[in-house]
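*Asks:* Letter by letter, the chains look like this.
2 protein chains.
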Amino acid sequence: MFRNFKMVSKVVFGRGCFSQLGDILEGQRSGKNAVMVFLMDDVFESGPLKDRLPMKAEDLLIWVNVDDEPKTKYVDQLTTQVKKYMVAKHDHLPSGVIGIGGGSTMDLAKAVALMLTNEGSSADYQGWDLIKNPAVYHCAVPTLSGTGAEVSRTTVLTGPEKKLGLNSDHTVFDQIVLDPEMIADAPNPQRFYTGMDCYIHCVESLTGTYLNSFSQAYGEKSIELCREVFLTDTPDADDKLMMASYCGGMSIAYSQVGICHALSYGLAFVLGLHHGIGNSVVFDYLEDYYPEGVREFRKMMERQGIDLPRNLVSGLTDDQMDTMINVALVLEPLWENALGKDWKTIMTRDKIRELYLKM
Amino acid sequence: MFRNFKMVSKVVFGRGCFSQLGDILEGQRSGKNAVMVFLMDDVFESGPLKDRLPMKAEDLLIWVNVDDEPKTKYVDQLTTQVKKYMVAKHDHLPSGVIGIGGGSTMDLAKAVALMLTNEGSSADYQGWDLIKNPAVYHCAVPTLSGTGAEVSRTTVLTGPEKKLGLNSDHTVFDQIVLDPEMIADAPNPQRFYTGMDCYIHCVESLTGTYLNSFSQAYGEKSIELCREVFLTDTPDADDKLMMASYCGGMSIAYSQVGICHALSYGLAFVLGLHHGIGNSVVFDYLEDYYPEGVREFRKMMERQGIDLPRNLVSGLTDDQMDTMINVALVLEPLWENALGKDWKTIMTRDKIRELYLKM
Chain A
3 MFRNFKMVSK VVFGRGCFSQ LGDILEGQRS GKNAVMVFLM DDVFESGPLK
53 DRLPMKAEDL LIWVNVDDEP KTKYVDQLTT QVKKYMVAKH DHLPSGVIGI
103 GGGSTMDLAK AVALMLTNEG SSADYQGWDL IKNPAVYHCA VPTLSGTGAE
153 VSRTTVLTGP EKKLGLNSDH TVFDQIVLDP EMIADAPNPQ RFYTGMDCYI
203 HCVESLTGTY LNSFSQAYGE KSIELCREVF LTDTPDADDK LMMASYCGGM
253 SIAYSQVGIC HALSYGLAFV LGLHHGIGNS VVFDYLEDYY PEGVREFRKM
303 MERQGIDLPR NLVSGLTDDQ MDTMINVALV LEPLWENALG KDWKTIMTRD
353 KIRELYLKM
Chain B
3 MFRNFKMVSK VVFGRGCFSQ LGDILEGQRS GKNAVMVFLM DDVFESGPLK
53 DRLPMKAEDL LIWVNVDDEP KTKYVDQLTT QVKKYMVAKH DHLPSGVIGI
103 GGGSTMDLAK AVALMLTNEG SSADYQGWDL IKNPAVYHCA VPTLSGTGAE
153 VSRTTVLTGP EKKLGLNSDH TVFDQIVLDP EMIADAPNPQ RFYTGMDCYI
203 HCVESLTGTY LNSFSQAYGE KSIELCREVF LTDTPDADDK LMMASYCGGM
253 SIAYSQVGIC HALSYGLAFV LGLHHGIGNS VVFDYLEDYY PEGVREFRKM
303 MERQGIDLPR NLVSGLTDDQ MDTMINVALV LEPLWENALG KDWKTIMTRD
353 KIRELYLKM
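Chains as they are written, first to last, in this note's numbering: chain A, 3 to 361; chain B, 3 to 361.
Simulated from the structure, these hints should not be mistaken for lab results.
Any given hint might turn out to be false.
[As the list claims (entries may be wrong)] No farther apart than 16 Å at their CA atoms in a straight line, the calculated lysine to aspartate or glutamate pairs in the EDC-like style are these:
1. B:K12 with A:D176
2. B:K8 with A:D176
3. A:K73 with A:D126
4. B:K12 with B:D25
5. B:K12 with A:D171
6. A:K12 with B:D176
7. B:K12 with B:D171
8. A:K75 with A:D126
9. B:K301 with B:D286
10. B:K360 with B:E298
11. A:K12 with B:D171
12. A:K8 with B:D176
[Said to hold, decoys possible] Example chain A residues on the side facing chain B (calculated, C-beta under 8 Å, incomplete):
13. C19
14. S215
15. C249
Note that beta-carbon positions come from the ideal geometry of N, C-alpha and C, so glycine has one too.
Construct all of the structure, not just a fragment, from the sequences and the given hints.
*Replies:* What follows is the structure in structure tokens.
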């Protein structure tokens, strides 16, 4: 049984294509006020990008804060805000939700689009295929590349009990606007860590047990592009990083991430560490499992002048450590992909603790 | 202005995934009789594949013949056949059209799905974005790989006046079922020529003036896979050829084919030469324009033991030659992609005639 992979409906790619967003949205506006809801990373609050938003009079702009990774509580709060706005306009649903930012902002846009048409709290839908109704039209404009959130069928949320995505076909964006100029100003080390999310994800896919030729083709291309971006002085590095992220995301169709992502989820849950930096912190200690990948990753760090944060775990209580191990162990498909069906005999709680204690 | 590229909605890839077709179609059946129309290449009439079709009592199986490339007249005739069948069932539209075969059969399925909801003759829609109404649900199961028809937004038809596709977002398949086992029995040289359609198309894309990083990533991966399939003893050659075709088709989003395809369209129109073999015949004479590509193509021919047909053009009348040149020259974007904006000063009628006379 192979996954019947839902693809993003429409993709526009090109330098400057952000200026086509207005025309693209125009075709989607319907209903009384034809409201579009823009969720935009609040790092852009002071910059010139907000003046280029194709907003109409009735549209709603919400500045979202992603200093912390997206939480189900925050999604519920944003959804309520949009619903109240629509009620005030004596209108039903908005015509669309547009996420402008990195992986966290895109995930918020997906989650809000889903929760506008699905009752209850987003925490109720953390899991696989629990979403019942199609989302409202949703569109992404990435301003950071690497997470693959632009093409994935998940929106990763931290809930009261777990960090787990709303995985469903309805989660997939209807439209993505891939403009390499939008990622040109992403600051380091954030740009690097987000890029490493992609690189690590492909190392985990390509060495995993779940792979087939579809995912292999995408994974190999993505890694090749990461190498060009982070190990050479390639021109068009922004274009290539954007494509690396896209290909990395597509490669997940028939593959799965592995040990690094599982451990990184634990770090994120307990320490609030962002996904990209969390992956980099963890990956540096996984030479036993991904020897070639870790060596190349270190070359990339060196060339890009990155210093990883260290000693993050030493001060944790036993309870916190247990929680971290529990969160990591929930992600069974990741462990199975990395280590095969007998992974439980290989990756014990003690082994995980030992790895965490190095970080 | 960049194309807002419509992607295939759902893709399933994997050895044996053809057996999931029944479940996939089940979700699409609606209306009184929930009829699915299967258009299947008549080469399978005698084989075991027809017994694996997930047909229900009211479904319609039409054996299509693609000895000649698809003609608008044939599309119109098939559409009428489906409409009459539905009338006899006192029903309106079928729930879907499924094309099982190579590029020609997939193109017939696309065209019939479109013409069931758009009035008149398919010849009225040869061009770009002339289709007015969405097609009925349509799905492809390729049994030959290389054309990229499974992901393209065109269905190439030979009409009374020209060979030109019905290019539109509505043309794109709703579902593709990519099962490498389905292409395992494709006979040579057909398998080779169809693979070369992909290889040549990528050489033309990658050396063209229209390229961007999206198409480059796909084109490079596709060529790499073609090399593995036709120049090495790679395992999983069927899987890789299927992905090469998919990636080649995707690369066309922001690129264009070139001289070889333009000349090949002329050959097809006048001599009825199939697209794959036509491309190979032409490409062998284009060393001046694609030196590296042509040299590698010849290595592939040698390794695969292929003898190209020769002296196809010598017996043509002046009128036929003029028609061939006219058909090739209609394809302005192809020439511009290959030779730049001033292509008309480079590629004169005499130059084209000279090239054709070698073939």
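*Asks:* So, for every hint listed, does it hold in this structure?
*Replies:* These are the hints, each one checked on the structure:
At roughly 13 Å between alpha-carbon atoms, B:K12 and A:D176 fall within 16 Å of each other, so this suggested pair holds. Distance hint between B:K8 and A:D176 is fulfilled; the C-alpha atoms sit about 10 Å from each other, no more than 16 Å. Between A:K73 and A:D126 the alpha-carbon distance is near 13 Å, which keeps this suggested pair within the 16 Å criterion. Straight-line distance between C-alpha atoms of B:K12 and B:D25 comes to about 14 Å, which keeps the hinted pair within the 16 Å bound.
The suggested pairing of B:K12 with A:D171 holds, with an alpha-carbon distance near 10 Å, which does not exceed 16 Å. With a C-alpha separation of about 13 Å, the suggested pair A:K12 and B:D176 falls inside the 16 Å cut-off, and the hint holds. Straight-line distance between C-alpha atoms of B:K12 and B:D171 comes to about 15 Å, which keeps the hinted pair within the 16 Å bound. Note on A:K75 and A:D126: the hinted pairing holds, with a Cα-Cα distance of about 11 Å set against a maximum of 16 Å.
The straight-line distance between the Cα atoms of B:K301 and B:D286 is roughly 11 Å, inside the 16 Å bound, and the hint therefore holds. At roughly 20 Å between alpha-carbon atoms, B:K360 and B:E298 are farther apart than 16 Å, so this suggested pair is violated. Only pairs whose Cα atoms come within 16 Å are accepted, and A:K12 paired with B:D171 is accepted, the gap being roughly 10 Å. Restraint check: the Cα-Cα separation between A:K8 and B:D176 comes to about 10 Å, which is no more than 16 Å; the hinted pair holds.
Given the 8 Å rule on beta carbons, the hint for A:C19 holds: about 5 Å separates it from the nearest Cβ of chain B. The beta carbon of A:S215 is positioned within 8 Å of a beta carbon in chain B (closest approach about 4 Å), and the interface hint is therefore held. A cut of 8 Å between beta carbons decides the hint on A:C249: the least distance to chain B is about 6 Å, and the hint holds.
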